[in-house]
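Asks: Residues per chain are reported as follows:
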Amino acid sequence: MKSLDELRKIRDQVRKELDLRGGQHRAKVVVCMGTCGIAAGARDTMKALMAALQSRSITDVAVVAAGCRGFCEQEPLVEVQISDQPAVTYGHVDGAAAERIVAEHIVAGRPVQELVFR
Amino acid sequence: MRDLSLHLTDIIENAAKAGAARVVVRLWWAGSVFWFEVSDNGPGLPATVADDPTDPYRTTRRERPVGLGLALLRATAEQTGGRVEVLSRSGQGVRVRAAFPMGHLDAKPLGDLAAALLTAALGWPMDLVVQVGEPPETVLDTAEVRRELEAVPLTHPDVARLLEDILAGAVGPLQQHCEQGFRSLGDAGAVAAAGEGAGPTPPGARPPAARPRSTVATAPEDDPPGIPTNL
Chain A
0 MKSLDELRKI RDQVRKELDL RGGQHRAKVV VCMGTCGIAA GARDTMKALM AALQSRSITD
60 VAVVAAGCRG FCEQEPLVEV QISDQPAVTY GHVDGAAAER IVAEHIVAGR PVQELVFR
Chain B
0 MRDLSLHLTD IIENAAKAGA ARVVVRLWWA GSVFWFEVSD NGPGLPATVA DDPTDPYRTT
60 RRERPVGLGL ALLRATAEQT GGRVEVLSRS GQGVRVRAAF PMGHLDAKPL GDLAAALLTA
120 ALGWPMDLVV QVGEPPETVL DTAEVRRELE AVPLTHPDVA RLLEDILAGA VGPLQQHCEQ
180 GFRSLGDAGA VAAAGEGAGP TPPGARPPAA RPRSTVATAP EDDPPGIPTN L
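Those protein sequence lines, which keep their order, are chains A and B.
Just so you know, we're using numbering that gives the first Met the number 0 here: the first sequence kicks off at 0 and counts up by one.
Just so you know, we're using numbering that gives the first Met the number 0 here: the second sequence kicks off at 0 and counts up by one.
Just so you know, the hints here were simulated from the structure itself, not pulled from any lab data.
Take the hints with a grain of salt, since some may be wrong.
Straight line, CA to CA, 30 Å or less: simulated DSSO-like cross-link-like pairs of lysine-lysine [unchecked claim]:
1) Lys15/A / Lys46/A
2) Lys46/A / Lys8/A
3) Lys107/B / Lys8/A
4) Lys27/A / Lys107/B
5) Lys8/A / Lys27/A
6) Lys16/B / Lys15/A
All chains should be built: construct the whole structure from the sequences, respecting the hints.
Replies: Written out as structure tokens, the structure is:
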């Protein structure tokens with residue numbers, strides 16, 4: 000595998016930053032990636048979430064995939080879990096909605112009520 | 000699914016949800032036939048599913064007794080004369096291999112293969128190995144990446160960007176082969192199992208009809224599923 004040198008450079012640069020925050024993530028964003036989710040565009044949603052976090056240089060929020068929860072008609076579904084707050088589930092999350100969720104909920108701490116799935 | 004990369008995402012996700020610690024994805028062309036293969040070292044398919052894995056009513060899902068992933072994959076492959084092979088052995092894992100004749104009029108686009116691999120690498124905890132071409136060349140092994148990074152997560156933006164570049168570079172030639180009428184990689188290698196016919200099919204022409212012998216569920220002794228020890 001190529002690029003091992005580049006990986007080592009990144010490791011050395013980032014190490015200090017990790018020591019400062021103890022390596023923990025303060026929030027987790029779970030994207031449903033069942034067959035229904037994928038067909039509805041959940042992978043694009045996941046990319047949009049990652050891009051929104053990257054563009055703001057946010058490194059303490061993890062975006063992970065999970066299987067179908069059974070609410071297929073609401074896909075793409077995204078659940079935001081911020082460490083000391085109740086989890087919030089959003090439905091029909093496309094790229095634009097993903098950007099709003101990162102900007103308003105994850106960064107500013109205000110869940111986006113009109114996108115919440117009840 | 001709109002394109003083949005979404006099927007790839009779906010099959011990798013099956014392996015991840017089964018709890019596999021390591022998944023090997025291979026992508027290659029044989030003339031005008033695109034192949035992908037996803038092998039995992041999870042528990043393998045239970046007997047009730049292994050009998051006919053592409054039957055949507057045979058599934059390990061708990062929310063409802065229908066699993067569409069393999070059924071949809073088989074439909075996509077067979078609609079252009081391709082096929083799906085599912086090999087499983089209890090305790091060793093599963094291998095799903097699919098062939099898509101891309102010269103067929105009804106062929107779906109490849110889609111964003113790099114995005115399928117990147118979201119799989121970053122979104123699931125298992126190790127992902129990506130191999131391209133025939134014979135396969137390893138372009139990414141996230142176990143090796145994790146070893147080099149030590150405590151830095153794969154999801155760190157600098158790492159994610161590097162992985163994105165690596166995958167885009169690896170997948171580019173695969174996409175060009177399609178765009179350039181299946182000529183850029185030559186008639187690379189023999190098709191792993193016979194049936195697609197010899198040589199590239201000109202775009203738009205009907206390829207020789209392949210018997211869709213999908214869903215081989217019993218693993219032959221000389222070709223077991225799971226992951227070879229050297230990977």
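Asks: Of all the hints given earlier, name the ones this structure violates by number, lowest first.
Replies: 3, 4 and 6
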